[in-house]
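Spelled out, the chains give:
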Amino acid sequence: MSNLPVLPVALPMAAGIALIFLRNSPSLSRAVALVANLIVLVLAAQLVETVRIDGVQVLNFGEWPAPFGIVFAVDMLSALMVLVTMVVSSATLLFATVSLDDARERTFFYPLFQFLLVGVNGSFLTGDLFNLFVWFEVLLISSYGLLALGSERYQLQETFKYLVINALSSTLFLIGVALIYSLTGTLNMADIAVKFPQISDKGSAGAVAIVFMLVFGIKGALFPVYQWLPRAYFAPPAVISGLFGGLLTKVGVYALYRVTSLFFVGNVNFVLPVLSFIAGATMLFGVLGALSQFDMKRVLSYHIISQIGYMIMGLAIFTPLALAGGVFYIIHHILVKTALFLVAGAVEATRGTTHLKRLGGIVDTSPVLTGLFFVAGLALAGAPPLSGFVAKFMLMQGGLEQHFYIMVGASVVTGFLTLFSMMKIFRYAFWSPEQVPFSGRGGHATRLVSITILVGLGIVLGLGAGFAMPYATIAAEQLIDPSAYIAAVLGSQAR
Amino acid sequence: MIARSVILTTCARIAYPVLLLFAVALYWRGHNAPGGGFIAGLLTAAAIALRFIAHGRRDRSGASAPFITAIGVGLAIALTTAFGSLAFGHAFFTHTFGHFHLPLIGDVELATAALFDLGVYIVVVGNVITVVSAMTDREPGED
Amino acid sequence: MDVPILLVIAVTLTCGMYMVLERTLLRVVIGLGLMSNGVNLMLLASGGLGAGTAPILHGQRDYGASPVDPLPQALILTAIVIGFGVTALLLTLAYRTYQSVGSDDLGELDGKLTDE
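One line per chain: the protein sequences are A, B and C, in this order. Numbering follows the working numbering, in which position 240 of the first sequence is assigned residue number 240; successive positions increment by one, without gaps. Numbering follows the working numbering, in which position 3 of the second sequence is assigned residue number 3; successive positions increment by one, without gaps. Numbering follows the working numbering, in which position 112 of the third sequence is assigned residue number 112; successive positions increment by one, without gaps.
Hints listed in this document are in silico derivations from the structure and should not be mistaken for laboratory results. Glycine included, C-beta positions come from ideal geometry on N, C-alpha and C. One or more hints might be untrue.
Below, in silico cross-link-like pairs of lysine to any residue (SDA-like), each with a Cα-Cα straight-line distance of 20 Å or less [what the hints assert, rightly or not]: (1) LYS161(A) <-> ILE82(C); (2) LYS161(A) <-> LEU21(C); (3) LYS161(A) <-> GLY48(C); (4) LYS161(A) <-> LEU91(C); (5) LYS161(A) <-> THR24(C).
Distance windows between CB atoms, simulated [to be verified]: (6) THR353(A) <-> HIS31(B): 22 to 32 Å; (7) GLU401(A) <-> HIS31(B): 52 to 62 Å; (8) GLU22(C) <-> PRO470(A): 25 to 35 Å; (9) ARG52(A) <-> LEU7(C): 48 to 58 Å; (10) PHE88(B) <-> VAL81(C): 20 to 30 Å; (11) ASP481(A) <-> HIS90(B): 28 to 38 Å; (12) VAL81(C) <-> HIS31(B): 13 to 23 Å.
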């Protein structure tokens, strides 16, 4: 039994606690937070390698055997998600150290940031349904704090709405937990996967599926319950919206992948067709929303929604190829979307606004930033040879093989509209002459470094897809055939 | 905080130590029976809040800072007990217990889980008092 | 036993949802509190209702005839603690929002300031 799976949760927690004591010394806080993040990053990479070599890793908390105690179960999808979380959070943290104002730094930004990571990593690693609820709450409570940080009027009112929406979806989550417990008598996800097919009452099983699709649909901003996202993500500084846009909705998507593959596929007939409809609708409505916006952060927020549609597309098709594409897409999206938000943050820091009609001429003042945006925008739209292309190609091929022509059509249309929307930002904000005379300082080098890391990884993922693909394929195979996952969790009773 | 009720202050003075003692009893009982760190913490926080209401607070600015630190201390204690098992080569959060014979009290069962509960207790007290202060520190319109 | 608790759950959740849909900040908070209590009852019901001894070993060696399922109670306890934290946060946030907006009407939060 190795304690490695718990460290991506426990270490950020320890760092968060230490940072509470260090709250009055921003410089020390930055150093501690960065070092802690990098350590966990290394551990996460080690976790990915361990899972690749040794298979699913399981940790029984307090050495209570599997269906009774709480377990952490790490398969390839979990490990990859933790790794990419740590990469993105490290880059975001680097960006935050040079772009947050002093007041925000002192009011618990760093502790909340670490506790957010605790919640995100915990959600990815846990193998227990109720524990998943708890980690969701940990990350949500931290996110409420981060959203409201600074207490500007707009932030407060948007945080209130975000909180109410999420509290409602948490209530639904508990209803789902209660239903599953009364049907199967267990909350261990592997154990549920064994017992779910034995439920005689198919109607109740369908009800469980509906509740969980709704819960994770709200958390992951799927059609038709995505309206909370654009306004909430517009409110805070771009560093925080970047982290949220990259990570938080993906926790919902991850949970949907997990429960769908473990419980519902093969047991509840309507789940995959409904998901395929949702995927197409999410893509189209998200991108149409983005087209109607004229603010960089709002456009990017709507694009989060449309791209979540692609991830759900991979899940809805449910073949090894499409699932690998979906996993690849999630990783690509987290990296690139965060990079784009950070670009918006750099623009906001120098120009004081992200509204497209008040920007312009950034290509003259900071050509590097312009280049970074151009590459990241193309990656988001799926231009070869960048990461988005590989992911979309796999998704579309998987869709065509299974004759999902309408959904593939929707994804092609969405891809073109995304490209259009990225070029709109590029033309207005970066390429066109200045619309409002601007006389300010240039960008901060550290900001560019953190964006470059993310964009660079996007390029590497695209060009080096051959290197990255085996990991996504392993994750997809484990999702399709969860028997290894179940055996690893429940088999440890015997040990 | 101008008009102070004599009845409330007198009652609060008597109730305060009783509540604290009851909280200690609840905490101690919590090991094997209903009770424990969380409700003991809530009770202590309620006692402190009662004192705030009855007596007012002399220094109203920054008074919640020690309680915020208390949250950190409590979390640190709780997490340390979880990490402790790693040092002995066990899984995270593995707890143990032992029986000790203390003079006057007799046979006492001490468990590492009680330390975790102590952390919970401190976190709850710090948290509730911070929330109460946040809601009472400012007059309407004052920022 | 099933039908009464079902009715209680249904009424609590309905009242909570009704309050959440109100326009006043405080009523929304109260509504969420009610809903979380309704769900806690639902968790309680999920373990099966019926007479049984407390599942606590206190000196004895066994639980007696039929202990009740302790897990839903542990879940409820956790849910209560989380609900407590969220409610505290909601109240503080509602209070701060009221201070900075100067109104506790959710409709007025969507003023001209919010959208360009």
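Evaluation of the provided hints:
{"no.": "1", "hint": "LYS161(A) <-> ILE82(C)", "in the structure": "holds, 19 Å"}
{"no.": "2", "hint": "LYS161(A) <-> LEU21(C)", "in the structure": "holds, 12 Å"}
{"no.": "3", "hint": "LYS161(A) <-> GLY48(C)", "in the structure": "violated, 35 Å"}
{"no.": "4", "hint": "LYS161(A) <-> LEU91(C)", "in the structure": "holds, 13 Å"}
{"no.": "5", "hint": "LYS161(A) <-> THR24(C)", "in the structure": "holds, 12 Å"}
{"no.": "6", "hint": "THR353(A) <-> HIS31(B): 22 to 32 Å", "in the structure": "violated, 58 Å"}
{"no.": "7", "hint": "GLU401(A) <-> HIS31(B): 52 to 62 Å", "in the structure": "holds, 59 Å"}
{"no.": "8", "hint": "GLU22(C) <-> PRO470(A): 25 to 35 Å", "in the structure": "violated, 54 Å"}
{"no.": "9", "hint": "ARG52(A) <-> LEU7(C): 48 to 58 Å", "in the structure": "holds, 53 Å"}
{"no.": "10", "hint": "PHE88(B) <-> VAL81(C): 20 to 30 Å", "in the structure": "holds, 28 Å"}
{"no.": "11", "hint": "ASP481(A) <-> HIS90(B): 28 to 38 Å", "in the structure": "holds, 32 Å"}
{"no.": "12", "hint": "VAL81(C) <-> HIS31(B): 13 to 23 Å", "in the structure": "holds, 18 Å"}
Violated hints for the displayed structure, listed by number in ascending order: 3, 6, 8.
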